[in-house]
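*Asks:* In the order they appear, the protein sequences are chains A and B. According to this note's numbering, the first sequence is numbered sequentially starting from -8. According to this note's numbering, the second sequence is numbered sequentially starting from 10.
Hints were generated in silico from the structure; no laboratory data involved. What you are looking at is a predicted structure, and each value in this text was computed from that prediction instead of being measured. Careful: at least some of the hints might be erroneous.
Derived DSS-like pairs (lysine-lysine); straight-line CA-CA distance at most 25 Å [what the hints assert, rightly or not]: (1) B:K192 x A:K3; (2) B:K656 x B:K616; (3) A:K22 x B:K107; (4) B:K174 x A:K3; (5) B:K285 x A:K3.
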Amino acid sequence: MSAPIPQQARSKTLRACLLCSIVLTPADFRKNGCPNCEEIMQLKGSPDRIATCTTTSFDGVISVISPENSWVARWQRTSNYVRGIYAVQVKGRIPEDVEAELENRGIKYRPRDQTDQD
Amino acid sequence: MGADPFIETGEDMDEDMTRGHHASLDARRQLDEEEQSPEEIAKNLSRRYAHRAAVRYTGDMNEIPQRLLMPSVQDSSLWQVRVKPGRERDIVFSLMRKALDVEFTAKPLNIHSAFQRDSLPGMIYVEARSSKQVSEACAGLVGVYPSRGIHLVPIEEMASLLQIKKQEQTVTPGSWVRIRRGKYSGDLAQVMDITDTGEDVGLKFIPRIDLNPRDDAVLDGKKRKKAATANTTMRPPQRLFNYEEVAKVYGRKYVTRRNDVYVFQNDTYRNGFVEKDFKISALILEDVNPTLDEITQFTRRQDGEGENPVDLSIIAEASRKAAVSVLQPGDHVEVFEGEQAGVHGVVEEINQDVVTISAVGVDIEGQKIEIPARSVRKRFKPGDHVKVMTGQNADETGLVVSVTDNIVTFLSDMSMQEVSVFSKDLREAAEVGSGLNVVGNYELHDLVQLDAQTVGVIFKTERDSFRVLDQNGQIRLVQPHQISMRRDSNRAVATDRDGHEIRINDNMKEAEGEGRKGRILHIYQSFYAFLHNRDITENGGVFVTRTRSLISVAPKGNLIKPGADLSKMNPALMQPTGGMVGSGNMGRGPKDRHIGTTVVVVKGPHKGYVGTIKDTNGNIARVELRTANKLIMIDKEKLYRRLPDGKLEALDKPGGGRGGGYGPGGGRTSNPYANNGGGFAPPTGGRTPFANTGRTPNPYASNEGRTPAWNVSSRTPNPYADGGKTPAWNASSRTPNPYADGGKTPAWNAGSRTPNPYASGGGASSTWGGATPGRNVAPTGGSAWGGATPGRTNAAWGTNDGWTSPRNTGWVAESTPWSAPTPAAAPTPATAATPAFNSGPTPAPMHTPGPAAARTPAYWPGHSAPTPFTNFNYTTNTNSSEYVLDEDWMFESIVANYLNRIKVQVQDTRRDNYKDGIHEGRTGFIRSAHRTQGGYTQEVIVVFDDASSEETLEAKYVKPIEALRNGEEALAMDGPNEVKGRAVLLRANADSDMVEVSPKGDSSVYEVSKTALLALYEQK
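Produce the complete structure using the sequences and hints provided.
*Replies:* Structure (structure tokens):
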């Protein structure tokens, strides 16, 4: 299972999910939502959600070809996600409601901006 | 082999049971499905998979600490691959697509991942087990350079590649930023708010509204865009928004008001400021450095409104930060606020905002104190030598005179004025002067042209001016605009006192005077050298001197040999050389005198070929062969000149001018008169040998001692290195040298015994040098010079020891009489061999310095009479058109008509004991003079005044008498064509060197050299 690969690598419109760091075009986000965390982010068909839960400011892209075997994917905590393009760093935090939801579920939120490393 | 003990034996037993259970479930489901209608099945399926896409987000990996994710040896490796810079991201994407494309083919990619970092341009990292898999994956991708190596990333560096942090760009409301581009590029703006994502920033800044728009731009929206682009070069000034103004220009309907804001052209204006959202990437967040002016523009308005005063603390903070960043370990600081206020010490350590200082004081000496950096400031005390690090006065240095709080006043080293700066901008520094050596386009130690006559070297730069030492040793203060240009003297060459070549950067020493040493910075006109020596305090160590007074500190031994004539290298100097040949190329570009010569190759594969020299370069000639129209490059030594009669002779052979310019001799005669046109050139063959036979009292004729003179003259290339001056002048100016050290040869030693002015060493140089040009400029002298040159050049320049060879000796014989005019050859025996002239009362011939030099007492042994020439004041010979008679003057064609009228006097017979000297001093006229051919002595019949007796005398003892009185009649041997060869009347200036004369029966006045006027008896 793999996510769509954006056609334009250099496009300024590419957006990275603040939670799973996958990189897609806004159109892909709107059409299919986030392939990894749609259940909690609810991006599908909602440009407002896309604007708040994804960002264009990210640094570095990773082609995760074989998530299960890749150390890079494990380091980025994307091993269990679909194949696709991921960002190395994503700037910003998920909206507070999503953060609260994660907290409810007892899931530790790890921002993708490498602010807390442990 | 028994049963494997690790395999549970009970499994076999359970297997049947589970299988049975599965089978029953299967059967039941099959039964259910068969009972259901297809619609129901479809419904069930869709219900079952309805939420399949929304996999519940578990964040299952988020609990694992990052450090446990560090790579281990089991993990596949990272490989660094070089790619085209700028294409990193595309290549990572391409790898992804390629992996998906070939996934189910026979050759899937065996890489796990690939990534790129923006901060690492030109490389991507591929995760794979082996480099082979990486290169396979990269094969066929454009912009990947596997050939530049696929490097394994060490395991400990893998994680850091993904941890590189982008430079953080954060803004906080109220902070200052600058707008990066567009109409407001560079403008200061204040941050109002920031969107949650941190991408967009609401800014407030001063608008730039065009209050003089083009008319159509206002009305037509479409055209407005165009106008906007046209106006990009001239952007409107910053001006707070004023409703009335804008409405007046653009019309009220274009400006709308909503509550307390105005909206104009889609921008919102509040309180005169425009409020606009910008992407953070379009802003400059660092080094904003708002100036006080800019900030007051923001405050002015706001103060008036009494609302939202600008937060000056932000600026204060910024300057504090700056203050922290300028602290360095070792700085003396004092604490000016907080508990420790008043303590001072030395900075030991700086850890971000905390500095550790080692306190200085009686009871806390050496104590380490940690203080917030913002609470300390640099401490200076009067007497410290400081340097300004930043700001308007950057790079000034000076002595601290007073300190008030954080303001330090110091006396600038440069301007000697007091300068006050913040202590944070200062550092203690030992250096003096501005570190800045460049003002405008000019730099310290540049050679600059100040005006047409003056150049100088910058030895000190000041804030906006230079101190320049010009070539005359004067110091000038100049502004950059007063400098017309910088001169490059990198290729300049000069000669030092010993004739060594000197160049820029040579270490030289003054031979005289102060004996200063230094490195040559510049050479100007091969005459002035600017040197630099750090040890000299005066003028920043720069001084100027003449190249001729320099000697090398470490002799390089590259003495300019006579053979390596610099004039060949310098086109400016080649010109006169070419002119000297008298071959008509005077004034044209450099030309080797061999060019155009018909030559025969005498060696090598082209031996026997005849050709013409087309060009020469040093020792190599380009010869166009007669056959095959071929050009060959060949060593000149392999060429022999081919004379019109078919004979061959060495190319260097003296007398060989180009084009046979030396008369019927086919270039063999070096007698310039053959080339002179002036009528002074009756064939001289055979006559001259006499000069050499030993009868002539020429010290040089039978004396190797003449060689020194020639050796010295053979050094004549030196003068040519001086550049820009006429060779004649140079040559003559050089000539003193031989005389200055004339003691080398016996002849010269002898000469020094006589009151010969030339023996007086260096003192003679000026008069001597002065005398020579005159002769050179004189028409005849000039041609004589020209004629002499080939011989001289060949002998003296070509081969150093050429004088010992018979060939050259022969040449001496031939060309002697006229070699005198060449400055170098001035002391040649030939001229010296005219004693009759010299001893006679007629001073004319005496002007040749040569004879004077030659007139060494060797020929006056025991003779008590003073040598005549010592009576001459040579300084008077500086006349620029001096004329020199030769001893065959009475055979000149122009003399013939007046021969019987020319007053002559017998001279020098006593010296030579000719006819017992009984006729010495007698005057008369020549009754008859006939040139006898065949090497006999030329004789004339002289009718003496007193007794009217006739006597046959050797021609060389018969000298004409110069016309001396105004009104006297004389024969002009030289001068303008109107008078030359005619009887003239002396009009005026009979005492000076140039005499005004008129042709007989004519009132027009001409100037003729005095020495060219031969007194005439009244017409009978």
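*Asks:* So, for every hint listed, does it hold in this structure?
*Replies:* Right, here's what the structure says about each hint:
The straight-line distance between the Cα atoms of K192 of chain B and K3 of chain A is roughly 22 Å, inside the 25 Å bound, and the hint therefore holds. Our distance criterion of 25 Å between C-alpha atoms is met by K656 of chain B and K616 of chain B, whose separation comes to about 16 Å. Taken as a hint, the K22 of chain A and K107 of chain B pair is honoured in the structure, with Cα atoms around 24 Å apart against an allowance of 25 Å. This hinted pair checks out: K174 of chain B and K3 of chain A have alpha carbons roughly 20 Å apart, not beyond 25 Å.
The hinted pair formed by K285 of chain B and K3 of chain A meets the criterion: a straight-line CA distance of about 21 Å does not exceed 25 Å.
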